[in-house]
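A.B. asks: Given only the sequences and the hints, what does the whole structure look like? Please build it.
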Amino acid sequence: MMRSCQKATGWPYSRPSAADKRNSMISIVLQQEAIDTSCIIGETGTDADGAVVSFIGRVRSSSRGKTVLTMEYETYGEMARKQLQKIVEEATARWSLTDCTVVHRYGSVAIGEASIVIAAASPHRDEAFQAVRFIIDTVKDKVPIWKKEFYSDGSSWINGKE
Amino acid sequence: MMRSCQKATGWPYSRPSAADKRNSMISIVLQQEAIDTSCIIGETGTDADGAVVSFIGRVRSSSRGKTVLTMEYETYGEMARKQLQKIVEEATARWSLTDCTVVHRYGSVAIGEASIVIAAASPHRDEAFQAVRFIIDTVKDKVPIWKKEFYSDGSSWINGKE
Amino acid sequence: MKIKIKAFASVREAFGFDEKELTVSEGIAVKDIVRQITKSYQPARDREMTLLYSINEEYCQDDALLSEGDRLAIFPPVSGG
Amino acid sequence: MKIKIKAFASVREAFGFDEKELTVSEGIAVKDIVRQITKSYQPARDREMTLLYSINEEYCQDDALLSEGDRLAIFPPVSGG
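Sequence order for the protein chains is A, B, C and D.
Numbered by our numbering, the letters in the first sequence go through residues 70 to 231 in order.
Numbered by our numbering, the letters in the second sequence go through residues 70 to 231 in order.
Numbered by our numbering, the letters in the third sequence go through residues 942 to 1022 in order.
Numbered by our numbering, the letters in the fourth sequence go through residues 942 to 1022 in order.
Hint data in this document are derived by calculation from the structure and do not stem from the laboratory.
A virtual CB, placed ideally from N, CA and C, is assigned to each residue, including glycine.
Just to be clear, a hint being listed does not mean it is correct.
[Stated by the list, open to error] Pairs of lysine-lysine residues, derived as DSS-like cross-links and limited to a Cα-Cα distance of at most 25 Å, are as follows: (1) C:Lys961 x B:Lys151; (2) D:Lys945 x A:Lys211; (3) B:Lys230 x B:Lys217; (4) A:Lys230 x A:Lys151; (5) C:Lys945 x B:Lys151; (6) C:Lys943 x B:Lys209; (7) A:Lys151 x D:Lys972; (8) B:Lys230 x B:Lys209; (9) D:Lys961 x A:Lys151; (10) A:Lys211 x D:Lys972; (11) B:Lys217 x C:Lys943.
[Unchecked claim] On the chain B side, residues computed to face chain A include the following (Cβ under 7 Å): (12) Gly111; (13) Gly119; (14) Ser123; (15) Phe124; (16) Arg129; (17) Ser130; (18) Ser177; (19) Ile180; (20) Gly181; (21) Asp195; (22) Phe198.
C.D. replies: As structure tokens, this is what we get:
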């Protein structure tokens, strides 16, 4: 399901899935460009959806007491997309989402910019809340992406959850 | 805290509060105009925030088996603003939010349009998720706003939670 | 003493007004006013609606007492969001 | 048989390569390959990193066996999001 706002950038990825059969829409994108957050959130959901819940993960200016100048994300692209697809399919089936989009950046991401955006739509709010929470928690646990923080006096890989 | 995207429309409301003293930003808006969802979500949060969670409540095309043509929201404005402010102040204090915006519409709202947008920013995601969930649940329970659904063959007030 | 009464949504339609001023006796309770209103508005009584109340924009119970100049609001369970 | 090895993030830096082809004996396990690599890359062994593995883009344990043409990836705990 290619959306207008993703045509210009990124890497839309879709394949036939259990979710598709129930007329759910799933979009998984890994991209180097800045994420057009508004566009993604605004275009998620149909007239049957009463709720759109979204999560925006942003690069913070400080991390464990140190001032972060910039962040670099490295990804194992093929595996990251497979894992993301699996996670979103599971969430879609479990909470009967009608529409779900996940966009994750790689490469250099500036302070305040979004590193990840998740948007999920469902007829009622409880499902969308639970699904988005599940997706971000599972992404942080399973998807092969790593961040490296750059400080004025060096840099450091973040291994695992902070 | 007046934001650029709210200047044109709506009714920004703020008063000195416990939350303000901790440098949190709170915006409460009741407006008749369509909500600029992207703008609100995009402008919520600072460089210290790693997470922005948002909830968009939208008018659904069907409700308990009936096709809804349009929705009308009636509000007790003065009390609704007081209640919203109280709810958001409580959430801000309880989950240490740095920034939180709630915009609710009144008057006629078309199918697919947002009736409410809530956006909350915090350094870590757990707080923002919990706060947004608390706010929407409490809004639906406490804030004096009522909706009336219009069908092809009549209309119906929705009293209390569906 | 004088008080202001507001009604909203289905209650407003049942009562047939959205705002009116009423002259009532000192220290009257919310429920006495409601009884008086629903007596004269037959449709409202028939519906047996759940009613909520606020005085000066704060929720109150039906045994709350009113003072000169108070704004009493009567409305059904809310359904915003 | 030939397999492809990929390394990421801190493991990539410690190993000093991001991708290489290796000729190994049939039915070798992930841990045997890792032992061989960390032997020749002193810094990696010193760090005592927690390592995660995948074969052909699916997570696996270190006792998983490799087949001709497999893509083995070795990386530290993930930190995306």
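A.B. asks: Gly119 of chain B was flagged as interface toward chain A. Is the shortest Cβ-Cβ separation under 7 Å?
C.D. replies: 5 Å, holds
A.B. asks: Restraint: Ile180 of chain B near chain A, CB-CB cut 7 Å. Satisfied or not?
C.D. replies: Holds, about 5 Å.
A.B. asks: Hey, Lys230 of chain B versus Lys217 of chain B, does the alpha-carbon distance stay inside 25 Å?
C.D. replies: With a Cα-Cα distance of about 13 Å, the restraint between Lys230 of chain B and Lys217 of chain B holds, given a limit of 25 Å.
A.B. asks: Can you verify the interface hint for Ser130 of chain B: is its Cβ closer than 7 Å to any Cβ in chain A?
C.D. replies: 4 Å, holds
A.B. asks: Is the Cα-Cα distance between Lys961 of chain D and Lys151 of chain A 25 Å or less?
C.D. replies: 22 Å, holds
A.B. asks: Would the hint linking Lys151 of chain A and Lys972 of chain D be met if the CA-CA limit is 25 Å?
C.D. replies: 24 Å, holds
A.B. asks: Holds or violated: is there a CB of chain A closer than 7 Å to the CB of Asp195 of chain B?
C.D. replies: 9 Å, violated
A.B. asks: With a cut-off of 25 Å on the C-alpha distance, tell me whether Lys961 of chain C and Lys151 of chain B pass.
C.D. replies: 22 Å, holds
A.B. asks: Hint check: Lys230 of chain B vs Lys209 of chain B, CA-CA at most 25 Å. Holds or violated?
C.D. replies: 7 Å, holds
A.B. asks: With the threshold set at 25 Å, check whether the alpha-carbon distance from Lys945 of chain C to Lys151 of chain B stays at or below it.
C.D. replies: Holds, because 19 Å separates the two Cα atoms, which is no more than 25 Å.
A.B. asks: Any CB of chain A closer than 7 Å to the CB of Arg129 of chain B?
C.D. replies: 5 Å, holds
A.B. asks: Can the restraint linking Lys943 of chain C and Lys209 of chain B be considered satisfied, given a maximum Cα separation of 25 Å?
C.D. replies: 32 Å, violated
Comparing the model with each earlier hint shows violations of hints 6, 11, 18, 21; every other hint is respected.
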